[in-house]
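Asker: Residue strings, one per chain:
Number of protein chains: 2
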Amino acid sequence: MKVGILGGGQLGRMLLQAAANYTVETFVLENDSNCPAAHLCHHFILGDITDYTTVYNFGKQVDALTIEIESVNVAALEQLEAEGIQIYPSPNAIKIIKNKINQKEFYSLHQIPTAPFVITNELREVFQHKHFLPAVHKVGEGGYDGRGVQIIRSEEEIELGFNQPAVLEKMIAIEKEIAIIVARNKKGETAVYTPVEMIFNPVLNILEYQIAPARITRDLLWKVEAIAIKVVQKLNSAGLFAIEFLIDQQQEIWVNETAPRVHNSGHHTIEASYCSQYDMLWRIILGYPLGNTKLICPSAMMNIIGEPNYIGKPIYEGLPEVLKIDQAFIHLYGKHTTKPGRKMGHVTLLAKDEGEILYQAHKIKQLLKVIA
Amino acid sequence: MKVGILGGGQLGRMLLQAAANYTVETFVLENDSNCPAAHLCHHFILGDITDYTTVYNFGKQVDALTIEIESVNVAALEQLEAEGIQIYPSPNAIKIIKNKINQKEFYSLHQIPTAPFVITNELREVFQHKHFLPAVHKVGEGGYDGRGVQIIRSEEEIELGFNQPAVLEKMIAIEKEIAIIVARNKKGETAVYTPVEMIFNPVLNILEYQIAPARITRDLLWKVEAIAIKVVQKLNSAGLFAIEFLIDQQQEIWVNETAPRVHNSGHHTIEASYCSQYDMLWRIILGYPLGNTKLICPSAMMNIIGEPNYIGKPIYEGLPEVLKIDQAFIHLYGKHTTKPGRKMGHVTLLAKDEGEILYQAHKIKQLLKVIA
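Top to bottom, those sequences are chains A and B. At position 163 of the first sequence the residue is numbered 1076 (the working numbering), and the sequence of numbers has no breaks. At position 79 of the second sequence the residue is numbered 992 (the working numbering), and the sequence of numbers has no breaks.
Just so you know, the hints here were simulated from the structure itself, not pulled from any lab data. Heads up, none of these hints are tricks.
When chains are identical, the list treats them as one kind, so a pair holds in a single copy or across two.
Keeping only pairs whose Cα atoms sit at most 30 Å apart, straight-line, the calculated DSSO-like set for lysine-lysine is:
| # | residue 1 | residue 2 |
| --- | --- | --- |
| 1 | Lys1207 | Lys1237 |
| 2 | Lys1282 | Lys1099 |
| 3 | Lys1207 | Lys1278 |
| 4 | Lys1008 | Lys1083 |
| 5 | Lys1099 | Lys1226 |
| 6 | Lys1237 | Lys1136 |
| 7 | Lys1207 | Lys1265 |
| 8 | Lys1237 | Lys1256 |
| 9 | Lys1147 | Lys1207 |
| 10 | Lys1089 | Lys1207 |
| 11 | Lys1252 | Lys1237 |
| 12 | Lys1226 | Lys1100 |
| 13 | Lys1100 | Lys1278 |
| 14 | Lys1282 | Lys1100 |
| 15 | Lys973 | Lys1226 |
With these hints in hand, go ahead and build the complete structure from the sequences.
Answerer: Structure, rendered in structure tokens:
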């Protein structure tokens, strides 16, 4: 079977590592021939994943397509789907998800709990919704990794918002953030991974690491599983999906957003689960049975992020020290340039004991720095 | 760092899957552009690993070289080593190991226990050693995967032997076969994996699966570990080594043979160990600390072998059934042609319970057939 991946970043790289356990012939489309996935496929095609003709021509040579990023040309995917190419997830699911306005309306339509919101087409409309503040303003299209998201706490801050179609979302008093991965095959069967919990640095308010399983009550676990499955069933698409939840101080659950692809919150599944999220997506694409989502061990995962103030050829300071840690698994993405905040790799920790995991996670955060 | 691999089979494939966790630039030399490793490296070079000039030119473009098969041009490696290319294992270690006569003499020289043997240069010399029978006749150079090995039970069978330089080895009344992997870095530090035990089909006398840890006494464990480390220290080479042992009915231990590379007996380490044998070899080559050889879980590993009477494009009969097994990890090597006895993939099972593992291992053997 010939399968194409739109995008050649780290998610593509890990998909291709997993692909080599099967007999699939792989194709990658990306506009950087040094991208993390370029050398791990059978056929690398240099090109723009947002361009209709490029995506269409790329898709015509394969039996199935998947994505590792949502910012792809959906019109081309719709045409390819009409011509019989299998697409995971469906172009319709990508369309719903890649535009935050569509995504929020989708949740409302299906009574999936999500933070209350209004849609604003221009910045001045935000002034009509002062009662909504504090709120988060999110652009409909084009936001990624923190860009296109602005907190508006009070009337004075409205000017920081976006003068383009956007969602104004009531701010949730977050107690916890968790994520859950759901796989769905063409028959509509689903497999659900154990939720992970995001641990933020209380001072810097950035994600420090994530742990699996999330520390939530059994009741909450059942609720988030049920909602996650509902999201995927209503998207009505085969593929792999990561659903991010906010849990507020009243233990109410809100869907924050969904990614229709392998996801950062599933990196730990490579070592910690019987069937990794990457393996799972191949099973879906190749028409094999869904895999076992159970955890072999509790785990933690830390992204390795480019340090502030360094741009250039990466140096992984402290890497040998981290490689000495007994239960750590290192993944470097082979990116040729580091930038502040760029995801350069990740580390997964396995341990039977939660205290041990947290201790090691902190240690790794201290040790490992990507500079240039 | 630029690293070349001589050979592009499944061992190279799995090495390259592991390489993608680091930032290494990879090169593969193999005379088949459809080989399992061809598409997973940065640079694939079509060529003959036994040819001096080909190997020399291949080696000149990299910082370090490793092998995934012993049948390489050692003279070229010696020249490359003299010119400062790092080679894992050392050409001298390959020279000792790839010729069974040298290998046996090496064991004798260093008082490493190995089955008693004589060297025969022509078939007629075997007649002078009738008192040695029953024995195993093994050609010095060129044997591989069962070829070049002949059991000679009695005088009548001597004619089945080889009329070329060979080792005539006293037959050991084998109770168990085990293997142990030892890693050694450039500083001479070693890391030892838990021994695996080979389980043979009592009727067909073929390897059915292997389990880790091997079921041996603590005393025996200490002995095999000590001998395995001695073998590697005396080879005086950095790299990864698999040492195969025979244990006889008196619980005596005999080194059967050594492979100076990642090995079939270490496949299970991908999922069952914190640091897989493949990861470990990269750590050695890249100058990183040795990894953690501990088992996460007991495991079993079965090779997926081409069925008798089928040659051609492989069909993996029963694969979906095997993919439903909760603790099974499937690895297919992507070989374009199956042949009787050819290694087409493997399955690793993880389980806390040995009984469960054996039950599943038998089930997989029944289910999965590679036909054409």
